[in-house]
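Could you use the hints to bring the two separately framed chains together as a complex?
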Amino acid sequence: MKAYKGAPKRWIEGFYGGSYAPGEDAVTVRSPFFRRFYGRDALGVPNVGFRLVNGRKVARPLLVATDLQPGAFDAHGNQLAGASNGFYELDATREPTLDALGMLVERAREDGMLTLLPGDQHENGAYFDRNALTTTVLDPDLTLLSPREQALVEARYAAWIGKRLPLGIWESIFMDPNDPLSRGHLIGKEERNFLPHCTEFVVRYLPAVEAWLDAEREAIATQVAGGQLVPRASVFPIAKDGLTVDLPDDERGLGGNKFDALVNAAFMGPYFQGDDHRQEKRAIVVGSLSEYSVRLAIEHLIDADVTVHWLLSCTKSLDVFSAKLADVHFLAERYGKKLVATYDWPEALLGPKPLGWDAARARVEAHDRAALDAWLPRFNAQLASRTTGLGSPLLAGV
Amino acid sequence: MPTAEKDIFAVAGWNFVAGDRQIEGILRDLPPGSRLVVRNRLANVLATLAGIRDLGTRGLQVYAPENALVEPVLDLDGRYAPEDFHALALTRWFGVAIADARDAAPARSLVLATGYTVAHEAEAERLAAWLAGQPDLAVVLLVPPGEALAACLRPYAAAAWSTQHHRGLDAFARATVEEAVGEFEPERVYVASPDPDALLYTAVGAADYMLRSHGGTTRDAGRRVHALAFARAEVPAGPPVALRALVKAHMQAVLGVASTDADGRFAASGEAIAIDLV
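Residue numbers (my numbering), protein chains in the order written: chain A, 80 to 477; chain B, 772 to 1049.
Just so you know, the hints here were simulated from the structure itself, not pulled from any lab data. Check before you lean on any hint, since a few could be wrong.
Pairwise CB distance ranges, derived in the manner of DEER restraints [said to hold, decoys possible]:
#1 B:ALA1008 - A:THR213: 50 to 58 Å
#2 A:THR213 - B:GLY1027: 36 to 44 Å
#3 A:ASP258 - B:ALA930: 39 to 47 Å
#4 A:GLY332 - B:ALA922: 30 to 38 Å
#5 A:ALA445 - B:GLN793: 49 to 57 Å
Quick list of in silico lysine-lysine cross-link-like pairs, DSSO-like style, CA-CA up to 27 Å [as the list claims (entries may be wrong)]:
#6 B:LYS777 - A:LYS84
#7 A:LYS88 - B:LYS777
#8 A:LYS416 - A:LYS432
#9 A:LYS416 - A:LYS136
#10 A:LYS417 - A:LYS432
#11 A:LYS136 - A:LYS432
Note that CB positions come from ideal geometry on N, CA and C, so glycine has one too.
Excised from the complex, chain B in its bound form (with noise of 0.2 Å):
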């Protein structure tokens, strides 16, 4: 059961981990077997999901009941297609535009590639066509220790903003990566993977990471966070089905969520993010 004891953070953005590295540093403090329930609105409870999830903290147990989600936004019951949530989440939840390849980046822009490793090429071709039409980008490129970068990227490695090593979901929530970020101070930031999951909420750390940089809303901030979803691999079609059944399973598949059950221990409340450590 929850306690009645709150630390209460005052934290802007989607991904309340990222928000606060002290919440990063209680999550990490829990002994293995604990159990956490994240609840409130759907979309920052996602961004939060992935934010656990990268922490990586063993024998952690999520849940995210589904009595206990609030969804202002988009109708639970709608039916979309399998290979449209990324794209719906995108721009719907997080107010993140879709970049088309002939997308011309402005002044002060950012690309940060995540995860384009030698076994992503075609994906990283179409990535590469882009970037060359792009000469006064900053690039940051990011693949998971031990991997290799894709051949058709490797030119842009000698003089990229960055390079780093990341495994994850979102790149941004990476302590290095906000730093080489924010000493370019972009005023926007494209995003790209081959991973549409990691797409996904690398762009929403990029608009958390421009809400606390330039302020204003979370609409304001992910109209900065263009998403390159030319440059990802194909989500397989499928027949449409409700809404709540793709993220229950987004949830379950990618999450790392234990359950979405019901539990009536447990109650959306009106903030819009709460982790109940049980």
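Looking at chain A on its own, in the form it has when it is part of the complex (with noise of 0.2 Å):
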């Protein structure tokens, strides 16, 4: 009766994408930061739906645009304290993707795409309840502490042994003032390995999709009034708290920013299974930055064997320690079955082109290309230097 069976397949056709339930034309997935947006927590999703071509369903993709999220920046691009702190410029002269995104936005508005919008939340201190309990029990065994830690917890905090501590204690205990970052300050991983950016409470989405999300929430605050207690969307905000799109649930299914349950759900429904419709199961990824969520989240839906068009006129790059060009290099030498990188508008997927397309997308084409004729000599003195951007040796013990 009990023998291993083997590892659970999450890709296995009708395992995942494409299971349905006869009756069932939209599934629940619940998100307190739903409630964020649109003031409840559990929204139906429906499949990405279908569009007659030549007499033929055709399935229309899934929308994944990742950090949509507004800047405020001084003359020097220095950013502006309590403003909304993404890494968008909202200047099309100085953001040179804003006009085409802004357009892309516009259509899967117009259209009720299925639209994921993954945005970063990183932690916020003001918002933090320092009388909330952690998961952090005090080990009778003190000497599992630092010095310093023992020290405090001795001096101050030995009435907590055995039991879990909260925020304000944890933090008093386990945050040390003579760090240079910390400072003794609550601080998260962003901040520290990167730098400060996208707090939650402070961050924005750019207009047009705060405008968006404003609309939708009027759509489904009409469905309730209706009797609705589900009520159906089509655009859904996510918050992340890091590079990977997707944050999972833990060992009960609670806590994960369902990511991946929104991916399940774009493609529940007959049918996106088997060999006759497996190629239906497509994305449109843009937003920021092609170096790190916008790649990763690639990944992630090639990794769930969906077919990804990496729209590029969308796509904001830091230009920085990598060029948009070579990360498009990078990801289809390594995934080209079930990537398909261009500039163009794909009329096939999102309908006829907008007026201004051209423009736009000529804009960002030559700002790229002249990123990639900047950045390569870099990269390629680097590597005969075994040296990052930065300067600091590529490799250890050299």
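Laid out in structure tokens, this is it:
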């Protein structure tokens, strides 16, 4: 009766994507982050939908637009304190992808495309409840603590031995006031390892996206007023706290950001499985930054057997540590079968090209070629000298 | 015959299936036609049978042989009226309080109301009347997919803490319900349903949730749960019968047990609950 039957293969056709029960036309996905924008936590997620092309049903693509979050910068390019601290400039002369991205967002909204909007939501100390209990139990074996921590516990927190620590006490014990980065305060991995950005409750979505979410909120409210307890939506804000787009649930199925659940729902229903249908699983990926979350989102979707159409005209790159076209090469080399990278408006997937697209696309393409031309010699020199862009040795122990 | 192999799970709570998702995984993996024997302490058996029922796994045949059940609290030969069964189970087995319509919810309370569709307007009216006097209560509303919420409760949907679809006996077995309730971190949970069986098992699920979140004993956890029995449908009255007979009828009619006949191959063992995969 009990034998190892092999690890679950999430991506096997029928087991993932395309699983369907007659009568279902939407999957309920619940996330507290939905509540921030829509006032409710559980939403019905339809699949991507189909349209008729020459009399044949063709699935519409899923749109995954990651980190569409504006920053507010001074004349020197520094972020303004307290303002939205994403990476997008709102000035199209300084943000080459903004016009093209705006056209895509407008088309997605008009057509009611199933759209996922993952966006960084990094820690905001102002919202921490320092009375909330952490999962850390102060172990009676104090030798497991560092000397600094042990001295603190013995002096002030001995009464908490064996108990779960409130966040404020956790912070007092484990964050070192003499640490040059944390200075004794809670600090997340993004700020520690990268730079402060996309602070939760501070960072916003781009104005066109926020307008879309506002309209969706109205539509949802109308459904609820009509007695629909789990209203349907087509655009979904998703919180992420790092590079990886998906934050999985815990062992009880709780607490994840539901990205995978939404991708699963996108390809639920007749049919997305088997040799005659699996090619219908397509996603258009855009957003920021090509070196980081965009690349990881593409890999995650490809790993879910979704063919990715990477719309480069609508993808922002940092152009410091890499160049977008180098990232295209990196991914195309590895996932050529499942990746279509293009600057073109994909009319087969999105319908007729919008007015102004060609000019917007040309600006981005010119910018990206210039970025590649500038970066490639630096990259080659770094490889030759076995150093990084910051001059550090590429390899340890050399 | 049961095999000598055992998967042992250290699970606190009444519903074994909800205690660890791996158990659910094992049961879902069973081929159609599989037979389960559920045995040991009666209260745990009832809660676990409800959990198995809610999995909706087709083709499972579930048995609860009466000779493999242990009842340390109540006299199974004691006589009770059928309409008293649910209140008896809630209070004596699971330690859940029965709230009345005058109860005022203390701070950090949440009510989970499941199944109040348009077919249950009368029961919903009683719940709505109580809700009107609880301005600070967090409200979670659940109805089965495809059904509409009773009209008198719709004003609560817009500002509800969570609104979801659910079909089954124990709403707390649903991960999204547990997740929503967990985010509120209630000190007390009120449970309401027009269906007496859903009220019973959702209250048990709430008690299990409180045990996981607050620790303590099962009695402590039960005390944090109050059942709004005044907002449920009436159970038809009948003459008192032995509790044993009420339990058997409940197992077969509500929990889908194929048989409670004695089976000499099985006996109660020391754990609170055991499931044999036969």
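Structure-based check of all given hints:
no.	hint	in the structure
1	B:ALA1008 - A:THR213: 50 to 58 Å	holds, 52 Å
2	A:THR213 - B:GLY1027: 36 to 44 Å	holds, 42 Å
3	A:ASP258 - B:ALA930: 39 to 47 Å	holds, 43 Å
4	A:GLY332 - B:ALA922: 30 to 38 Å	holds, 33 Å
5	A:ALA445 - B:GLN793: 49 to 57 Å	holds, 55 Å
6	B:LYS777 - A:LYS84	holds, 17 Å
7	A:LYS88 - B:LYS777	holds, 26 Å
8	A:LYS416 - A:LYS432	holds, 25 Å
9	A:LYS416 - A:LYS136	holds, 23 Å
10	A:LYS417 - A:LYS432	holds, 24 Å
11	A:LYS136 - A:LYS432	holds, 21 Å
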